[in-house]
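Each chain is listed here by its residues.
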Amino acid sequence: MNVKSLIKRNYNKQPEIDFPDYKSSIFRAPKNKKISFASTDTEIFGPIFKKNIIGEFDNNLTLNFSINKNSPLGHKIIVYGTVSDQFSNPIEGALIEIWQANSAGKYLHNNDKNSAPIDPNFAGCGRCLTTSRGYYEFLTIQPGPYPYLNRGVEWRPMHIHFSIFGKSFGQRLITQMYFEGDPLIKHCPMVNSIADEKAKKSLVGILDTSRSNKQNLLAYKFDIVLRGIKQTYFENRREGL
Amino acid sequence: MSTSKENLAETPFQTAGPFLHIGCMPNAIKINKLYQNDLGEIPFNNKNEAELITIKGSIFDGNGIALDDVMLETWQCDEKGEFKEDSGFARFVPNYLTKKFILKTVKPGPFKGYDGKIHSPHISLSISSRGLNMTLNTRIYFEGDELKNDPLLSIINNCNLNSLIAKKTKKNSYLFNIFLQGEKETIFLDI
Ligand SMILES: [Fe+3]
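First to last, the protein sequences are chains V and X.
Under my numbering, the first residue of the first sequence is numbered 1, with each subsequent residue one higher.
Under my numbering, the first residue of the second sequence is numbered 1001, with each subsequent residue one higher.
Treat the hints as calculated values from the structure; they're not laboratory data.
A quick note: this is a predicted structure, and the numbers were derived from the prediction, not measured.
Check each hint, because a few of them may be wrong.
Simulated DEER-style distance windows between Cβ atoms [claimed, not checked]:
{"hint": "1", "chain 1": "X", "residue 1": "N1158", "chain 2": "V", "residue 2": "Q215", "range": "53 to 59 Å"}
{"hint": "2", "chain 1": "V", "residue 1": "A116", "chain 2": "X", "residue 2": "A1028", "range": "33 to 39 Å"}
{"hint": "3", "chain 1": "V", "residue 1": "S36", "chain 2": "X", "residue 2": "E1079", "range": "54 to 60 Å"}
{"hint": "4", "chain 1": "X", "residue 1": "E1079", "chain 2": "V", "residue 2": "N150", "range": "31 to 37 Å"}
{"hint": "5", "chain 1": "X", "residue 1": "K1080", "chain 2": "V", "residue 2": "I26", "range": "28 to 34 Å"}
{"hint": "6", "chain 1": "V", "residue 1": "D21", "chain 2": "X", "residue 2": "G1116", "range": "21 to 27 Å"}
{"hint": "7", "chain 1": "V", "residue 1": "E180", "chain 2": "X", "residue 2": "E1079", "range": "46 to 52 Å"}
{"hint": "8", "chain 1": "X", "residue 1": "A1009", "chain 2": "V", "residue 2": "K31", "range": "22 to 28 Å"}
Cβ atoms here follow ideal geometry from the backbone N, Cα and C, with glycine treated the same way.
All chains, please: the whole structure from these sequences, using the hints.
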């Protein structure tokens, strides 16, 4: 018998869910302790997404919404990295979906009430599947920081939202990437909901100057780690032996 | 996959925020020249209406307000208890006027787990939104099914156990409300 189980999540390296500094968590964060249990097929198996859902320009946010190939405003960046599991094995075929504000800090969304302008050539959405070595890459525009209402007006650091599916529903991850050197990072309650300094730092995309200089764009490297899956083999034994 | 000790920490979660539709369901907010379909619009595309059940419900915050800026994702096996890589996943949001979500899917079958035990029919459900620093996970079980020997349900000692069980409202229709806080707080799972 082959038993698979997800490595237990280390909540010391995850954000606190009940974190009043982030005001909208106050009436949304559950108060009771989560129930732990042994992984079942439901958590281990799928879903898995196939190449046929991905269009040619889905990972190029500078082109996928532009009119007559006009560039969106702002400077172009490459965001790249790998998706691996906790054993450092690359994950092939992981689906990454991203969304972000435009260079002025405005989302193409009715609920975004910021007075910053929308960019007619930029939707701020992209997706891709990782390669056999777990590699992904997006070409996009540097998102602007933006103000929002929290404990009064506060500013979000520049960020890109990431949603990732690995091979298991239990590996599902939604997070944000920040940008090296952004002075707003240390003021952000969403970042600070993570107590562990190393874990916090792992959300910061690192400027890659070698690649930036070669390709006339700024490049940022952001590696993602999904939960590992353990396999244990048991000999099949007859009942009672 | 390996049996050696893990050496990397899982990347931390961050909130999906209020604008998750842009990345996860752009067509639903009329950004519709990018992706042909939003992911998970139909969990089983080879089934007809008569083979499906309907699960309706709302998500309530601690003030008892039904939310609409929340994304739900479900994952399940088929009616035979088999997991297929490319079907069984759905992604949806509550209607912004009625604040109700509707999931039309196959009623999952029971399956035999790694532990050799029979797991009662259930759907895994995740909830992501503004105000949630991490995605929440729970399960939908079904009223009327054999539930008392289910390996998960039988280890839960909590008076809100019913929060995991969808109520049967009529033939093939179920009600499943989710309470993020308060007396009726839904049981959430460390999956
Ligand atoms: Fe954001």
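Quick rundown of the hints versus the structure:
In this structure the hint that N1158 of chain X and Q215 of chain V lie 53 to 59 Å apart at CB holds, the actual value being about 55 Å. The hinted range of 33 to 39 Å is not satisfied by A116 of chain V and A1028 of chain X, whose Cβ atoms lie roughly 23 Å apart. In this structure the hint that S36 of chain V and E1079 of chain X lie 54 to 60 Å apart at CB is violated, the actual value being about 29 Å. Restraint check, E1079 of chain X to N150 of chain V: a C-beta distance of roughly 46 Å breaks the suggested window 31 to 37 Å.
Judged by the Cβ atoms, the range 28 to 34 Å given for K1080 of chain X and I26 of chain V is violated: they are separated by roughly 44 Å. At roughly 46 Å, the beta-carbon separation of D21 of chain V and G1116 of chain X lies outside the given 21 to 27 Å, and the hint is violated. For E180 of chain V paired with E1079 of chain X, a C-beta distance near 50 Å keeps the hint of 46 to 52 Å intact. Between A1009 of chain X and K31 of chain V the Cβ separation comes to about 26 Å, which falls inside the hinted range of 22 to 28 Å.
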